[in-house]
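Chain by chain, the residues run as shown.
Number of protein chains: 2
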Amino acid sequence: MTADITKGLELRSLIKSSGELEISLQQVTIPAPGADEIVVRVEAAPINPSDLGLLLGAADPSTAKVSGAGASTVVTATVAQANMKAMAGRLDESMPVGNEGAGTVVKAGSSPEAQALLGKMVAVIGGAMYAQYRLIKAKEVLPLPDGTTAAEGASCFVNPLTSLGMTETMKREGHKALVHTAAASNLGQMLNKICQKDGIDLVNIVRSEAQEKLLRDIGAKYVVNSTAPTFVDDLVVALEATGATIAFDATGGGKLQGQILHAMEVAAVKAMKVYSRYGSDTFKQLYIYGRLEPRPVEFMPPGFAWSMGGWLLFPFLQKIGREDAAKLRARVVAELKTTFASHYTKTISLQGVLNLDNLRAYAKRATGEKYLINPNMPG
Amino acid sequence: MTADITKGLELRSLIKSSGELEISLQQVTIPAPGADEIVVRVEAAPINPSDLGLLLGAADPSTAKVSGAGASTVVTATVAQANMKAMAGRLDESMPVGNEGAGTVVKAGSSPEAQALLGKMVAVIGGAMYAQYRLIKAKEVLPLPDGTTAAEGASCFVNPLTSLGMTETMKREGHKALVHTAAASNLGQMLNKICQKDGIDLVNIVRSEAQEKLLRDIGAKYVVNSTAPTFVDDLVVALEATGATIAFDATGGGKLQGQILHAMEVAAVKAMKVYSRYGSDTFKQLYIYGRLEPRPVEFMPPGFAWSMGGWLLFPFLQKIGREDAAKLRARVVAELKTTFASHYTKTISLQGVLNLDNLRAYAKRATGEKYLINPNMPG
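Those protein sequence lines, which keep their order, are chains A and B. Going by my numbering, the residue at position 263 of the first sequence is 287; the numbering climbs one at a time, nothing skipped. Going by my numbering, the residue at position 47 of the second sequence is 71; the numbering climbs one at a time, nothing skipped.
By construction, these hints were calculated from the structure, which means they are not laboratory data. Please note that a few of the clues may not be correct.
Identical copies go unnamed one by one, so any copy, or any two together, can satisfy a pair.
Claimed, not checked - With a cut-off of at most 25 Å between alpha-carbon atoms, the simulated PhoX-like pairs for lysine-lysine come out as follows:
#1 K297 to K109
#2 K161 to K31
#3 K388 to K40
#4 K343 to K297
#5 K195 to K343
#6 K221 to K200
Excised from the complex, chain A in its bound form:
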């Protein structure tokens, strides 16, 4: 069964110096696994917001055109000249895409560790997952319990570990409750499940009444709508009720970051007994982990006891160390069908990624909508 797998399709994204994005499928050679390596037949890989950055780059999806057919289909789109500077590091380089996924181990090297995985369902993070086969070291995969499907295991890493990373960061940095923006997202819903299970107070910031209802329907206690005229006052009330002094922000632009820190400072100053012209000494932290909003961040420094910074999953996992990261992964596996269950709008093939209707849909990054790729589903 295993000897015949020597080639497979892999999705590639290329941005040319001329300002053109090209998405295509390449037939690539699957090398024979080394002693400690395995080959995974990828059967499910989600399209996360973090994948779209690499897949589409700064190209404008509305300019997308398709040519060719079958495995030779090619999508092209235009990158506006103003956005080319940000693409400098990847120009004219054909890049594999897909952070995570799951599938069956179909080939294994000679080591006992690799051999033990043969035929098993495993979850993988490591890039190049939008491909029919993925060669990887045996120790880098996460074996899934018997009876787990590829679709169930496809999103084991990015969303579960990011949302767990938020509550972990909250605890490790001495905060007792947290704030989350774009809170109706797949990740935001998962964070609500974690917080409800762990008894952590979470202030959800959403952008519409529909999203407010969605979160209340899954049991969220604190939901504030940033488009409401009473937003900042509502936020202060929720911050006073929860004592939240750390926020995770997916938008990364505009005035929301400053509004959150300002509201935290207002809540802290209300509790002060003695005036200080420096404001409160309650430490307020805001982490930006996404860039849904392309405008610059604009804010008034909220006193002096504050920090705003970038937050990314991989540096966080490195910081907490191998052992603690393994504990988080073990929790994800244990609660894969409950807390960490993901829901997908649609499952598509590798060729389906190049379908313009699909592309326009997943490129929207619409809250609550999520696509799953099955690279071994006939296109």
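With chain A's structure known, arrange chain B on it following the hints.
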């Protein structure tokens, strides 16, 4: 000699709910010192930017009027309605002013520790220093070597410890060189002396050619002018040369903060060998320690490995602990006439603080200009 001191003048700042600032002198009672306390006759106290925030609040100095005469002189000025919200915490409360100063111990409690200080010149930080006498615990003052004048010892804390705090923070947080804005200030010049003595690379950001020359004349190697058309490019060159990845910013508004982080990221990306859409993993830190610029901060997040936050001297000293803070203070005393020498434009009496010509001059916070108050100089 000591029994007769029971009253003294103290400067007060009051902002009324009506929107009026009132600066006056109050005759206050000097309590007899407890066993572990002393009374310092204040002979020199600087007007630092950090004092002006409390002294003038959000009042507009151009509206200042004077009435009365001698010790009954009163200055009034108007606080614009839009700025009253920020004053909410101090309304209708008569507040003493003056963070630091130096003077002679004229009364001492019965404890040996207090008695040992009688007749000595000491430096004090703790507020209410714009006063003829200051009651304080003996253990809270810094005894100065014989032969030190009050003027020499007046600025022992704020500028010396803030500039030492910057190089200490740099080292403790793992950076090898630093950036400073408003770099031609008294504090900025002191930081240059520390860095030259300690062999630390410092990138000075100034706002004029005159300030550029001033710093080069005192031996600064890296000076960039933020008003030059080539500013960001010049900054990148200086950052590449020094490897600076931490900045201390006195302005706290506008686009300068983002320009510094962006230039650090450009320098870091130049050194990268493999593309990442998240940018470099070189951690970039910017601390805001002042508010010379009242506009909001506006910036594009520079990748994900960055942080921007408030920095204040007192939380820093608390964080490093009593023992390490004592080491920094000992260094200040040892180098008081060299590295940490302060220069003053003018010495004025307590009544001189209420003189409108003086007020308009010190309210300007002009770089390189600094006033010293001698509360026991005849007004």
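Now for the hints, and whether the structure bears them out:
Within a single copy, K297 and K109 get their C-alpha atoms only as close as 51 Å, which misses the 25 Å cut-off; across copies the closest is 17 Å, which meets it. For a Cα distance limit of 25 Å, the shortest separation of K161 from K31 inside one copy, 19 Å, qualifies, whereas the shortest one across copies, 81 Å, does not. Proximity of K388 to K40 under the C-alpha cut-off of 25 Å is restricted to the intra-copy arrangement: shortest distance 23 Å within a copy versus 53 Å between copies. In the homo-oligomer, the alpha carbons of K343 and K297 lie at most 25 Å apart only across protomers (23 Å), although the nearest pairing inside one protomer, at 37 Å, exceeds that limit.
When the C-alpha separation of K195 and K343 is checked against a cutoff of 25 Å, the pair qualifies both within a copy, at 14 Å, and between copies, at 20 Å. For a Cα distance limit of 25 Å, the shortest separation of K221 from K200 inside one copy, 15 Å, qualifies, whereas the shortest one across copies, 44 Å, does not.
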